[in-house]
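Peer 1: Residue numbers (our numbering), protein chains in the order written: chain A, 315 to 713; chain B, 22 to 280.
Don't read these hints as lab results, they were simulated from the structure.
Among these hints, one or two may not hold up.
[Unchecked claim] Output of the computed footprint for chain A on chain B, the stretches with three or more beta carbons under 8 Å from beta carbons of chain A:
(1) 22–32
(2) 83–97
(3) 141–150
(4) 165–178
(5) 260–273
[Stated by the list, open to error] Quick partial rundown of chain A residues pointing at chain B, CB under 10 Å, derived from the structure:
(6) GLU338
(7) LEU340
(8) LEU463
(9) THR499
(10) GLY541
(11) ASP543
(12) VAL589
(13) GLY592
(14) VAL605
Cβ coordinates follow ideal geometry from the N, Cα and C atoms, glycine included.
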Amino acid sequence: MTSLMGHPSADGRFGEFGGRFLPESLIPACAELEAAFTDAWADPSFHAEYESVLHHYGGRPTPVTECRNLSAQLGVRLLLKREDLAHTGSHKINNVIGQALLARRMGKTRLIAETGAGQHGVATATAAALLGFECRIYMGAIDVVRQALNVFRMELLGAEVVPVSSGSRTLKDAINETLREWVATVGATHYCLGSVMGPHPYPWMVREFQRIVGTEAQGQCRELLDGEDPDVVVACVGGGSNAAGTFAGFVDTDARLVGVEPAGGAAIGRGIPGVVHGSKSYLLQDEHGQVLEAHSLSAGLDYPGVGPEHAHLAATGRVTYVAADDAEVLDAFSLLARTEGIIPALEPAHALAWVVRAAGTEELPAGCTVMVTLSGRGDKDVAQVAEMLHPRRIVESLM
Amino acid sequence: MTGAIEIALRARRDAGRKLLVPYVTGGLGPDWVRVVEAVAAAGADAIEVGLPFSDPVMDGPVIQEASQQALAAGATPASILTELSRVDVDVPLVVMTYYNIVFRAGHRRFARSLADQGVSGAIVPDLPLIELDGWGAAADGAGVETILLVAPNTPDATLAQICERSHGWIYGVAVMGVTGERATLASTAATLGRRLKAATDKPVLLGVGVSTPEQAAEAAADADGVIVGSALVRRLLEGAGPDGAAAFVAELRAGLDAL
Ligand SMILES: Cc1ncc(COP(=O)(O)O)c(C=O)c1O
Chain A
315 MTSLMGHPSA DGRFGEFGGR FLPESLIPAC AELEAAFTDA WADPSFHAEY ESVLHHYGGR
375 PTPVTECRNL SAQLGVRLLL KREDLAHTGS HKINNVIGQA LLARRMGKTR LIAETGAGQH
435 GVATATAAAL LGFECRIYMG AIDVVRQALN VFRMELLGAE VVPVSSGSRT LKDAINETLR
495 EWVATVGATH YCLGSVMGPH PYPWMVREFQ RIVGTEAQGQ CRELLDGEDP DVVVACVGGG
555 SNAAGTFAGF VDTDARLVGV EPAGGAAIGR GIPGVVHGSK SYLLQDEHGQ VLEAHSLSAG
615 LDYPGVGPEH AHLAATGRVT YVAADDAEVL DAFSLLARTE GIIPALEPAH ALAWVVRAAG
675 TEELPAGCTV MVTLSGRGDK DVAQVAEMLH PRRIVESLM
Chain B
22 MTGAIEIALR ARRDAGRKLL VPYVTGGLGP DWVRVVEAVA AAGADAIEVG LPFSDPVMDG
82 PVIQEASQQA LAAGATPASI LTELSRVDVD VPLVVMTYYN IVFRAGHRRF ARSLADQGVS
142 GAIVPDLPLI ELDGWGAAAD GAGVETILLV APNTPDATLA QICERSHGWI YGVAVMGVTG
202 ERATLASTAA TLGRRLKAAT DKPVLLGVGV STPEQAAEAA ADADGVIVGS ALVRRLLEGA
262 GPDGAAAFVA ELRAGLDAL
């Protein structure tokens, strides 16, 4: 059976989206990476090593948790795929372990990466420490401030964090700067890209390294649901890696698939086709083609583009993309903490916010079963949220 | 097709001249059009005009800063092209921009707007050979020469295809890296220049990291000429104006003429 989320075309396309729009100097590196990944992913010993590291070191499989209290409150049966329990606190570790093992197989000695919320940076720094790579992380100067804890974590792990002060000083500009460095250091350096975006083969490769989330979840849901699949499967979408990995496990079932973008960075909801960071996808841009800045409280979703496969899944209608705004995200963040004792990251709080809003409506009728990928834990966001919810208290405690 | 740029550059090269192509960011400062004219008069053989893009991944800090300043001042691709149509120079004009600007406008519409405003060629550094088809066909159809880039690590087979497909000249990227001044010319420059000269009779120009008259002369020893961007744009950011730009281009010209 060929899946809707199978292999992209030879030129790296998902439908009309994707491709390899990069300076000629990076084309050989992308071709080399594509060949290496294709070879490794067909090699059972590579799979075995990847799965073994994720099991013994990364804490996989992560559980699926049934949220009894919140389910009662919402009138729908809510399950969470607990990527917050993976090592380093988010799904990002799955992709990074895959890429780091691949980079080692390719003989690279150095990893570079962009990061937004810092979760991908922390995961990359972690894999670098484990597998003995030098590591440099580029991070927008605004994110360095709002995710200060993660900056310190990366430094503890031995990585160098470089603040990026150009453009909007967020994720988009961190990617620009990482690409600029990669052009200069491409020989020994692997660019460990953090989501299902960028030039071919990244969107495909990162989705394959995240597929484990969906594969596990699908089996676990069937166990919990007497062999049934959930009615609806929901994930937040920044670049779209946790969503792509999740959807890959359910795309060939009858489950309805929903991706939740931030209202201030809804590339699919409000963007039009464009090309940035190596691939063609939906993009927030002005009438001249200048890329617009996204605005989201969540640093991990503060990105004006989206992975090309999501653009294709939207165009085919297989996945529905919706948006959640900052206020409802903060509410959902607190709600899950109080009802279930789980503090989510702000990114998956977007997915929860949509569930809270949609529960009991036609989109998510009472009594239906919904699985949300809880892509990460909220520790990194607690200081930021405290300041937004209780600015006085923080100020007073500092006096 | 052999277009106006290639014809002009071949003629000058075959007359024994080393070619000089300065880069100026379009919309940078109120007098950027006069900068283009001054640079032409000071000895340029063609001029590259940047249409600024919000996310210029092939550019270092100087051209990033110039692009941001031009965009902040309200420059758009259309406004720059309109001003360019009034420029009075006798050397070919080429725009350098990023693919999303082209894609957003539409291939055919963008190609036609270049041709209509008297621009002879285009350089789109994030559009590699493998993604060239749509734009390439539209540009050819409008008589716009698309100048392709070759990097030091481009394999021989691809290099040969790019030399075949490139119009106007072949742009050899002298260094593995983005635009910006370097203290010395990269060793990759000479190697790439020789590889390209062995592969094609089209004009071969080396750019990126060519910053001084001495480096220009050194690079041009293994090629037909050079492109100089950041070193000129930095002077413009520092307030050099048309006269300062012309003086620097004259120095570069003298460096090349001494070869
Ligand atoms: C916990 C968490 N979820 C989601 C994201 C968004 O990335 P993606 O859309 O690739 O899953 C991030 C990014 O930093 C994250 O940290």
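Peer 1: Hint by hint, say whether it matches the structure.
Peer 2: Here's how the hints hold up against the structure:
1. 22–32: violated (count 0)
2. 83–97: Holds, because 4 residues of the segment 83–97 of chain B bring their Cβ atoms closer than 8 Å to Cβ atoms of chain A.
3. 141–150: Result for this restraint: holds, n = 5.
4. 165–178: Answer holds; 8 residues pass the 8 Å Cβ test.
5. 260–273: Contact hint for the segment 260–273 of chain B vs chain A: violated, 0 residues under 8 Å.
6. GLU338: 5 Å, holds
7. LEU340: For LEU340/A, the interface hint holds, since the closest Cβ of chain B sits about 8 Å away, which is under 10 Å.
8. LEU463: 28 Å, violated
9. THR499: 8 Å, holds
10. GLY541: Interface hint status for GLY541/A: violated (46 Å vs cutoff 10 Å).
11. ASP543: Result: violated, 39 Å to nearest chain B Cβ.
12. VAL589: 5 Å, holds
13. GLY592: For GLY592/A, the interface hint holds, since the closest Cβ of chain B sits about 8 Å away, which is under 10 Å.
14. VAL605: 5 Å, holds
The structure fails to meet hints 1, 5, 8, 10, 11 from the earlier list, while all remaining hints are met.
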